[in-house]
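*Asks:* Heads up: the protein sequence lines correspond to chains A and B, in order. Heads up: the first sequence begins at 49 in the working numbering, then just goes up one per residue. Heads up: the second sequence begins at 49 in the working numbering, then just goes up one per residue.
Among the hints, erroneous ones may be present.
All copies of an identical chain are treated as equivalent in the list; a pair is satisfied when it fits inside any one copy or across any two copies.
Pairs of lysine-lysine residues, derived as PhoX-like cross-links and limited to a Cα-Cα distance of at most 25 Å, are as follows [claimed, not checked]: (1) Lys50 to Lys108; (2) Lys268 to Lys242; (3) Lys151 to Lys99; (4) Lys268 to Lys125; (5) Lys242 to Lys77; (6) Lys80 to Lys59; (7) Lys268 to Lys126; (8) Lys231 to Lys126; (9) Lys50 to Lys232; (10) Lys77 to Lys126; (11) Lys152 to Lys58; (12) Lys151 to Lys242; (13) Lys272 to Lys99; (14) Lys126 to Lys58.
These aren't lab readings, by the way, just hints derived from the structure by calculation. In this text the structure is predicted, and so the values were computed from the model without any measurement.
There are 2 protein chains.
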Amino acid sequence: MKEITYIDLKKCILEDNDGVANEIRTLLKDKKIFLWNLMSSPGSGKTTLIKAVISLLKAKFRIGVIEGDIESTCDSKKILETGTTVVQLRTGGGCHLDASMVKKALETMPLDDLDLIIIENIGNLVCPAEFDLGADLNGMILSVPEGEDKIIKYPLMFTVTGALIVSKIDVMDYFDFDLEFLKKNAHAINENLKIFTLSARTGEGVNGFTNYLQKLIEDKANEK
Amino acid sequence: MKEITYIDLKKCILEDNDGVANEIRTLLKDKKIFLWNLMSSPGSGKTTLIKAVISLLKAKFRIGVIEGDIESTCDSKKILETGTTVVQLRTGGGCHLDASMVKKALETMPLDDLDLIIIENIGNLVCPAEFDLGADLNGMILSVPEGEDKIIKYPLMFTVTGALIVSKIDVMDYFDFDLEFLKKNAHAINENLKIFTLSARTGEGVNGFTNYLQKLIEDKANEK
C-alpha cells in the first residue's frame, strides 16, 4: 500500500534558512564583521536607537545598516542622514527577514570596509524570532508604552534575544510599566539575557548599551 | 514533455480562508450577530479598549469575545472580569487568526444569545491584515507612542480597516505624533476610513467610537 508523502514546509524553510545563516556566520567571521539584528514591535523606536548608536560608535567603527521594510524607505532615509551605508530590503508584504535576504544585502555591501552591520528587522514580535540571520547579537526593543506583559505573550522573541532594550523610559511616569515583573519573567525563560533601560530620545542610558556593544565588537575583531 | 506543477500555497491558503469567511458571514447574517475584528501592534491597547467598549455597551447588547493569543491567556482573564463570555484561541506560534480558527470558536459560543462578537486578533500589523475573518467591521488601533509613520510602513492594514482608532491620546503631549499627516495619508489609500481618537484609560473619546459601533450593530439587527 502506498504511504502518504508528508512534507513539513515550515521545517524545510527553517532548515534551509539555518544553512544560509551559517554561511553568513562563516563569511562574517572571516571578515571580522559584527552583525547585530534588532527586532521589536512597530513603533518601539528601532530607527531612533540605531541612529543614537551610530552617533556614539561611528568614530570607533565603520558601520553599515540593512533596513528591512514591507513597503517604505522612510527609515533608510533617516539612517542616510548619519552618513552611514544603507541597504534597503523590501519584503513586499513579508512579515520578517530571512537569512537569504540578508545574504543578498551583504553581497552589495563593501565588507572589507565595515566593522559593524546593523539589521533593522520588520516591526513584528512574532515571525522575525523564528529566523536565524547569522547574527552575533539578536537584540530586541520593548518600549514602555507597550507594557511589560509582552514577555508572557511573545515568549519566543525573548528567548532568542541576547540583549533586551527597554526603551522610551523618559515616559515611564505616564504608563503603568512593571520593570521588575519584566526582568523576573525574562530571566526565567532566558537566564543569560542582558537587560538595558534607555531613552534614545533623551540619550539617558544609551551609553550603557553602546559600551556593551563596543566590547562585543572588539572581542570579535580580536578573535584568532 | 512533462510540465511543472506549480502550486501557489499562499494563494490556496487565502482562497480556502475566503470560503470559510463567507460561511461565517452567512451564519452571522442569519443569527443577526455583528462581528468586529480588532487588530493592532502588540501593546496598542486592544484589551483595554475592548473592556471600555463592553462597559459602555453591555446594557444594550449581549456580547461575546474571541481572544487570539500565541501562548498566554492573560487577556482572556482581563475580559472575564467584565462578566463576558470569552473563547481563547491559542495559535501556538502562529502570527495571525484565520477564518477556520474563528469558525471553531463560533461553534463553541451560544450564538442565539449574542448580538455582538468581538475578536481580539494577534498583536501584529502585518499578517492579520491578509486574512478575511468574515467580520462586519475590521478595526485597528494605532497608539500615539507608535508614531504616525505606520501608515507608510504597514499600508495593507490601513487599507482593510473600516475604523481606525488612534489610542492613548492622553499622552499626546509627550510624543511627536502628527495626527494630520496620519489622517491625510490614511484617507489617500482608504477614502471611506472612519478615524476616532480616544484614550481607553481616561475614557476620553470612547463614546464617539461606541456610538458609531452601536449604530452599525443596530443596522445589522434591523436588516431584512
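*Asks:* Hint by hint, note whether the structure agrees.
*Replies:* Now for the hints, and whether the structure bears them out:
1. Lys50 to Lys108: Intra 63 Å, inter 59 Å, cutoff 25 Å: neither.
2. Lys268 to Lys242: within (18 Å within a copy, 52 Å between copies)
3. Lys151 to Lys99: Classified as within: same-chain Cα gap 23 Å, cross-chain 45 Å, threshold 25 Å.
4. Lys268 to Lys125: neither (29 Å within a copy, 46 Å between copies)
5. Lys242 to Lys77: Cα proximity of Lys242 and Lys77: one copy only (23 Å, versus 52 Å across).
6. Lys80 to Lys59: neither (31 Å within a copy, 42 Å between copies)
7. Lys268 to Lys126: Intra 28 Å, inter 46 Å, cutoff 25 Å: neither.
8. Lys231 to Lys126: The answer is between: 22 Å across copies meets 25 Å, while 32 Å in one copy does not.
9. Lys50 to Lys232: neither (52 Å within a copy, 60 Å between copies)
10. Lys77 to Lys126: Answer is neither: 29 Å inside a copy and 48 Å across each miss the 25 Å cutoff.
11. Lys152 to Lys58: Answer is both: 21 Å inside a copy and 23 Å across each meet the 25 Å cutoff.
12. Lys151 to Lys242: Close neither inside one copy (27 Å) nor across copies (42 Å); limit 25 Å.
13. Lys272 to Lys99: Cα proximity of Lys272 and Lys99: none, with 31 Å in one copy and 58 Å across.
14. Lys126 to Lys58: Cα proximity of Lys126 and Lys58: none, with 35 Å in one copy and 33 Å across.
Of the numbered hints listed earlier, those contradicted by the structure are 1, 4, 6, 7, 9, 10, 12, 13 and 14.
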